[in-house]
Structure formats: C-alpha cells, structure tokens
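Engineer: For reference, the chains in residue letters:
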Amino acid sequence: MGVSFIPVARIGELSPGSVKEVDLGGRQVLLAFVEGKYFAFSRHCPHEEADLKAAGQFLDGTTIRCNNHSYCYDLKSGECTLPKGAAPLTVLPAEERGEEVCIRLEW
Amino acid sequence: MAYDLLIRGGRVVDGSGLPSYVADVGVKDGKVVAVGKLNDGAARVIEAAGLAVSPGFIDHHTHLDAQMLWDPYGTCEPQHGITTVVMGNCGLSLAPTRSGIEDAIVKSFVRVEAIPRFALEAGVKWNWHSYGEYLDYLEGKLGINVGGLVGHIAVRHNAMGEDAVERKATGAEVQKMRGLVLEAMEGGALGMSTNRNERHMREDGKPVASRLADDEEFFGLCDVLAERNAGVIETILGRNKIEHFEFYHELAKRTQRPVLWQSLQHRWAEPNLWREQLDAVEPIFRAGYQAYGLSHTVPLVRHFDLTNCQVFDEFPTWKNLMFLPVEVRKQAFADPATRQKMRADLASPAPTNFHRRWDIPKVEKVVKPENQKYVGKSIEQLAKMQNKDPLDAFLDLALDEDLATVFWNANNGGDWNAMGKILRSPYVLVGTSDAGAHVQFGADFGYGTILLGLWVRERQVMTLEQAIHKLTFHVASIFGLQGRGLLRPGYAADFAIFDPKTVQAHEPEWANDYPAGSKRLVQRCVGMHYTVVNGTVIHEDGRMTGDLPGQVIRGPLYRQQKAAA
Numbered sequence: 001m002g003v004s005f006i007p008v009a010r011i012g013e014l015s016p017g018s019v020k021e022v023d024l025g026g027r028q029v030l031l032a033f034v035e036g037k038y039f040a041f042s043r044h045c046p047h048e049e050a051d052l053k054a055a056g057q058f059l060d061g062t063t064i065r066c067n068n069h070s071y072c073y074d075l076k077s078g079e080c081t082l083p084k085g086a087a088p089l090t091v092l093p094a095e096e097r098g099e100e101v102c103i104r105l106e107w
Numbered sequence: 108m109a110y111d112l113l114i115r116g117g118r119v120v121d122g123s124g125l126p127s128y129v130a131d132v133g134v135k136d137g138k139v140v141a142v143g144k145l146n147d148g149a150a151r152v153i154e155a156a157g158l159a160v161s162p163g164f165i166d167h168h169t170h171l172d173a174q175m176l177w178d179p180y181g182t183c184e185p186q187h188g189i190t191t192v193v194m195g196n197c198g199l200s201l202a203p204t205r206s207g208i209e210d211a212i213v214k215s216f217v218r219v220e221a222i223p224r225f226a227l228e229a230g231v232k233w234n235w236h237s238y239g240e241y242l243d244y245l246e247g248k249l250g251i252n253v254g255g256l257v258g259h260i261a262v263r264h265n266a267m268g269e270d271a272v273e274r275k276a277t278g279a280e281v282q283k284m285r286g287l288v289l290e291a292m293e294g295g296a297l298g299m300s301t302n303r304n305e306r307h308m309r310e311d312g313k314p315v316a317s318r319l320a321d322d323e324e325f326f327g328l329c330d331v332l333a334e335r336n337a338g339v340i341e342t343i344l345g346r347n348k349i350e351h352f353e354f355y356h357e358l359a360k361r362t363q364r365p366v367l368w369q370s371l372q373h374r375w376a377e378p379n380l381w382r383e384q385l386d387a388v389e390p391i392f393r394a395g396y397q398a399y400g401l402s403h404t405v406p407l408v409r410h411f412d413l414t415n416c417q418v419f420d421e422f423p424t425w426k427n428l429m430f431l432p433v434e435v436r437k438q439a440f441a442d443p444a445t446r447q448k449m450r451a452d453l454a455s456p457a458p459t460n461f462h463r464r465w466d467i468p469k470v471e472k473v474v475k476p477e478n479q480k481y482v483g484k485s486i487e488q489l490a491k492m493q494n495k496d497p498l499d500a501f502l503d504l505a506l507d508e509d510l511a512t513v514f515w516n517a518n519n520g521g522d523w524n525a526m527g528k529i530l531r532s533p534y535v536l537v538g539t540s541d542a543g544a545h546v547q548f549g550a551d552f553g554y555g556t557i558l559l560g561l562w563v564r565e566r567q568v569m570t571l572e573q574a575i576h577k578l579t580f581h582v583a584s585i586f587g588l589q590g591r592g593l594l595r596p597g598y599a600a601d602f603a604i605f606d607p608k609t610v611q612a613h614e615p616e617w618a619n620d621y622p623a624g625s626k627r628l629v630q631r632c633v634g635m636h637y638t639v640v641n642g643t644v645i646h647e648d649g650r651m652t653g654d655l656p657g658q659v660i661r662g663p664l665y666r667q668q669k670a671a672a
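Residue numbers (this note's numbering), protein chains in the order written: chain P, 1 to 107; chain E, 108 to 672.
Keep in mind the hints are simulated off the structure, nothing from the lab. All C-beta atoms, glycine included, are put in the ideal place defined by N, C-alpha and C. Just to be clear, a hint being listed does not mean it is correct.
Cross-link-like lysine to aspartate or glutamate pairs, in silico, EDC-like; alpha carbons within 16 Å at most [what the hints assert, rightly or not]: (1) P:Lys84 x E:Glu377; (2) P:Lys76 x P:Asp51; (3) E:Lys495 x E:Asp522; (4) E:Lys138 x E:Asp178; (5) P:Lys37 x P:Glu100; (6) P:Lys84 x E:Asp321; (7) E:Lys437 x P:Glu106; (8) E:Lys275 x E:Asp322; (9) E:Lys448 x P:Glu106; (10) E:Lys626 x P:Asp51; (11) P:Lys37 x P:Glu13; (12) E:Lys348 x E:Glu383; (13) E:Lys283 x E:Glu323; (14) E:Lys472 x E:Glu434; (15) E:Lys275 x E:Asp243.
With the C-beta cut set under 8 Å, the calculated list includes, among others, these residues of chain P facing chain E [unchecked claim]: (16) Met1; (17) Pro7; (18) Ala9; (19) Gly12; (20) Pro16; (21) Gly17; (22) Leu24; (23) Gly25; (24) Thr62; (25) Asp74; (26) Pro88; (27) Thr90; (28) Leu92; (29) Leu105.
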C-alpha cells in the first residue's frame, strides 16, 4: 500500500483549453487545463474506445463529450452524464505540487 | 450461351432457413433462372465446390447516404458479401431538402453520425430536392443496391426551417411534413426513420430537429405509412427499457407497419435486460403486430495484460495500480495487504459495469511453456487447477510471466448462451453496422462475417442456414425488398460466395479514401471469395472489379404508381 505523486507537466506548460498526452505506467492519459483547473483522464472513451484526443470536446469546465456517439462525462467524477448510468470515464486526481502538476495514485 | 453466369457445385444456402444443398446456379439478365444440376454453357463460370453460395447480405442499418455519392460500393460492404444497403436510418437522410436548409442537415450528420464536415462539404453537391430526385441522382452510379428511408430531421427542417430545432410544430407544419413523407414514399423511400435519442445533438449543440416532435406529430407522420399500407418505421428513441414497450406496442398497433427499435444486446451491467426485452416484445407479435429489436453481432471484447489494462478501472485500488510504474505495480500485486484491498474493492456494493465474475475472463496467451496448460481456461478454472483463490491465481500467473500474460474479457455480448438466444430470436433484426458513420472511430462492416465466423463456426449458437436467413430474407421481408433475399429462380442474382470454414472479419484499419484526403477506418475480411450484384461479379478475393451493376431499390408506393402508369 502507498501513495505516489507522479509529475506529468510543469505549471504553466499547458495553455488554457489545451490537452497534453501523458504515458502513465504504460496507459495513455490526457491532461487538460480547463478554466484554471487540471483534469487527468483516460484517453479512450469507455463506450467504444474512441480516442478522446480526437473525439473529445469540452462543453464547459467539467464536462467532456465524446463526439463518436455523444456520450458525456463529468471530468471531476468520471460519471457518464449522458446517457446516465453508462460506464464511467476513468479519471485521476491531478494536483499542483510546487512547480509541477502531479497525478496522485493511492493503493 | 444459356447463362451469363454459372456458379458450379457450391452449397446453396438459399436464405429461407431451409437445409442447404449442393447445386449449380444459373444466371441470366441479372436474375437467377435455374438452380440444380445444370449442363448448359455460360459466359462465365465460377467453380464453387467447397464454398457456400447464398443470397447477398442486406445491411439494413447504414448511414451511407453521403458516402454512396462518391463511393459506388459503400466500401467495405461488398468485401463482406453485402449486396444491398438501406440508408436513412436514425432520422437522418439527405433529402428532402430545399435551398437554405442543407447546412442544418449537415450539422446533424456531423454530430450524430460523426462524419467529418469537410468530407460532407466536398462530397455532397445537393443536386436534388425531393427524396425521389435524390434516388434518381444515384441511379446508374452504383456498385451495390441501395434503398433508403426518409429521415424525420430533413422533413422537419424542410417544413419549418431553423424553427425545427426550436419549437413544437403547428398543425399546418405537421400537415406539410405529412405531405413531404408521402412524396418521399411515392418517390421510392422504403419507410421513415425518426430520432428522439437524448444524446443526439447537432454540431451547434442544439437537439436534432426530430427530438422536438411531440407524439402527435410523430404519430401523424407514421400514419402516412399506415394509411398507404407501406414502409417500415425505424426509430431510435433512447427507449429500450421494459416500460417503453407499451409505446412500441401502440405504434405498431396503430400503424400496422413493421416498427424497428434500438436496441437489444447482452450487457453484463444489466445481464437480464435482453431477456426482459424479448419477453416484453413477444406480446406485441402475439397480438399480430411487428416491433423488431435491432441487435449487433460484434461483442465488445478486451484483450489485455496487466501492463496496460482498463478492465478494472471502476475499482479505485485496481485503477490506481494500473497507472503506477510497472515495477512498483508488480511489487504491489505481490503484496498481501494490497491484494486484500483489491478483494475488498470487488466486494463493494457499488454498481459497476464490470461483471465481477471470474468464470468469464480467460487466459488467452502465456509466455512460459509450463503455463500453456492454462490457455483457454477461465480464471475460475485456473484457480481450481491451482487450488487458490481466483484473485491470487490471476495475479500470480501474471507476475510469474512479468505481467505479459494476455487475458480475454467480454463486456457486451460476452455470454454465448444469451447471444445465441438473442441472435436466433425471430423478433430480432441482426445488424447495426452503422456503415458510413463514425468513420474515424470504428468500422463494423463485418457484422455479417462475424456472425458467420464467430457465432456460427466458433460458438455454434446457430446454424449456417439460420444465420444466412437472418442476413438476407429476414431483412428483405421486413423491408419489403421485392425479389431479393432468396436464392431462387426469379430472384435477383445477388450472391455472397464464401468459405464457411474460414470466413471472418479483420480488425478495422486506417485508409485514406474519403473526400478531401481524409482518413477513416475500413474493415477487410477473409473467406469471402465473390460478391455478385444483379448477376455481375463486383468483388473477387479482395479485389473490386470496377463494374457498377447496382440498382436503386424503391419502395412499394413508387412501384404501385409505376405499375398504375
């Protein structure tokens, strides 16, 4: 059991609304900087695995829509908001620690 | 020559569901003229010994409305034995249109069907207004046969302009829409489609026009088909729960037309829903009405190892472990305390989409020869062989192979028994290929070849004859495709000629064959040797011949009018 903070970007590296591809333990993750907050989430939509780097569209500060079949996810919780109850998007906690943005992993 | 084409010695699977038999098939002027032991000469002979010869498959759920304008084959439909397609599903068609509403239609296609705007702008020239004119435009330019449904979205924009995405229609506007639907049916539409799915927005974020229709409008348009006793009603209402079946019953009873609803499939998250849906739809048929559920043949399968695995992301400890550096992850997997947390995750009462069953995931590939004996075994079986707890057996095997062991898991469509019952049901219409849509995210042209390869050959959930019936005459009957779907004298010479021992779809791959040089996913196939449309070979062992024998298939009102004239 333990906790890790894995740095994935420097503060200021991402411009507002931009997305960075991150490899985290061999998994593809997207780090987004939206409305002053960082969000980390799986690169692939849980519905049919569309690549959210291409298909993802931010609707507001906390919602991303996959433009393949218009499934929408809350980036804070990963919950599928449209349609409700579908498989959630995998999200990871992103935190600013000093000069870096880190992903917090606890197990 | 007696025949233009003779297919010699194949096993005829005629589409009826009756037992197959070995016979020659003679073709003249685009139609089957003889089936049996044939001795007369032919301009071309295909030796088909060892192969199955069936009617060409009919893909009833496509969005090829645009693609057919630049790709006469609807690639990759023929590569999978498909000779006829139906466009215009889910409320979306490129007609009827009028000056000023074209972009409203494009906005809907771009978002709902994820077709790139630049491809539509480059490929669709809007050389028509009415639905009949749209079909006229396709005449003579087709490699496969094409029919279509008129989409509620285009009809509503035609009657209401941009107000179609803002408000309820007036009585006068509903009357105008009814006129447009009738005109489309008389122009050759095979029916009407509508869309009330809450996910379906336009490119600008507004709901697609048909979502603003109330029941009065919707039933009013469907009544046009009822009054003329013609056409199917295809729906995507976002209503597949049991409480919604009263609506389908009412619609089917009121119109007495075949109603199609989406969708029915096996999902571990709701493992009994499919059974409840079939139970709910049966009384509709028993009462004498038709409400077919659409189902897919392509299971949502994951092949994974524990270096890159998202199968368990719904469980917090598992998820975080899967993002750790691999060496740290291996140490954690070996730690009894971490295993206890993982076990607790799986036992938590929170609902998940993952099935939490160790009898479903299987060992697919191993690294070490001594582990070969575990290949094909479920984790539950592995645990019994090793006399361990399943979680321990799963993690120990992966650790023993440096996390390189490949496992298999299926979410949707993973229960063979359930899939067999779904696919065999007479109330289920097989196939939601969505061909022509979501072109950069997926490709399911091979729903038919997957049915034949996976479900018939490998899983044996149905016979070849049953599967061919589902891909051909079952569809032709529901959609009223006269003279198609059976391999009998007098029927169109549309054939799929394939090897039942090898036929199977490949994984999708990228191609650069869309307008404006854009990329999309295509899907190839093995074992489909010939595809024949109206007596002409269009596809031969992966190669297209370049011939364009396809026809526009028009619906019953058009045929009646033509006959009367």
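Engineer: Each hint: holds or not?
Structural biologist: The hints, checked one at a time:
With a CA separation close to 14 Å, the supplied pair P:Lys84 and E:Glu377 stays within the 16 Å bound. In summary, the hint linking P:Lys76 to P:Asp51 is not supported, as the alpha carbons are separated by about 19 Å, beyond the 16 Å threshold. Proposed proximity of E:Lys495 and E:Asp522 is contradicted: the alpha carbons are some 25 Å apart, above 16 Å. For the given pair, E:Lys138 sits about 25 Å from E:Asp178 by alpha-carbon distance, which is inconsistent with the 16 Å threshold.
For the suggested pair P:Lys37 and P:Glu100, the alpha carbons sit about 13 Å apart, so the restraint of at most 16 Å is met. Between P:Lys84 and E:Asp321 the CA atoms are separated by roughly 23 Å; this puts the pair beyond 16 Å, and the hint is violated. With a C-alpha separation of about 15 Å, the suggested pairing of E:Lys437 with P:Glu106 holds against the 16 Å cut-off. Between the alpha carbons of E:Lys275 and E:Asp322 the distance comes to roughly 11 Å, so the proposed pair stays at or under 16 Å and holds.
Restraint check for E:Lys448 and P:Glu106: the C-alpha separation of about 11 Å stays at or below 16 Å, so the hint holds. With a CA separation close to 14 Å, the supplied pair E:Lys626 and P:Asp51 stays within the 16 Å bound. For the proposed pair P:Lys37 and P:Glu13, the alpha carbon gap of about 13 Å is at most 16 Å, so the pair holds. Proximity of E:Lys348 to E:Glu383 is assessed by CA-CA distance (about 9 Å); at most 16 Å being required, the pair is judged to hold.
Under the criterion of a C-alpha separation no larger than 16 Å, the hint pairing E:Lys283 with E:Glu323 is consistent with the structure, at around 14 Å. Restraint check: the Cα-Cα separation between E:Lys472 and E:Glu434 comes to about 21 Å, which exceeds 16 Å; the hinted pair is violated. For the hint pairing E:Lys275 with E:Asp243, the CA-to-CA distance comes to about 32 Å; that exceeds 16 Å, so the pair is violated. Hint status for P:Met1: holds, given a least beta-carbon distance of 5 Å to chain E, under 8 Å.
Annotation: interface hint on P:Pro7 violated; nearest CB of chain E at approximately 12 Å, more than 8 Å. Interface hint status for P:Ala9: violated, as the beta-carbon distance to the closest one in chain E is roughly 15 Å, over 8 Å. For P:Gly12, the interface hint is violated, since its Cβ never comes within 8 Å of a Cβ in chain E; the closest pair sits about 24 Å apart. With 8 Å as the threshold, the beta carbon of P:Pro16 stays out of range of chain E, its nearest partner Cβ sitting at about 20 Å, so the hint is violated.
Hint status for P:Gly17: violated, given a least beta-carbon distance of 17 Å to chain E, over 8 Å. Restraint check, P:Leu24 versus chain E: the minimum CB separation of about 5 Å is within 8 Å; hint holds. At a threshold of 8 Å, the smallest CB-CB gap from P:Gly25 to chain E is about 5 Å, leaving the interface hint in force. Because the smallest distance between the Cβ of P:Thr62 and any Cβ of chain E comes to about 16 Å, over 8 Å, the interface hint for this residue is violated.
A hinted interface residue such as P:Asp74 counts as satisfied when its beta carbon comes closer than 8 Å to some beta carbon of chain E; here the least separation is about 15 Å, so the hint is violated. This hint holds: P:Pro88 has a C-beta 7 Å from the nearest C-beta of chain E, less than the 8 Å allowed. For P:Thr90, the suggested interface contact is upheld, since its CB lies about 4 Å from the closest CB of chain E, less than 8 Å. With a least beta-carbon distance of about 6 Å to chain E, the hint placing P:Leu92 at the interface is held under the 8 Å criterion.
Against a cut-off of 8 Å between C-beta atoms, the interface hint on P:Leu105 holds, since the closest Cβ of chain E lies about 4 Å away.
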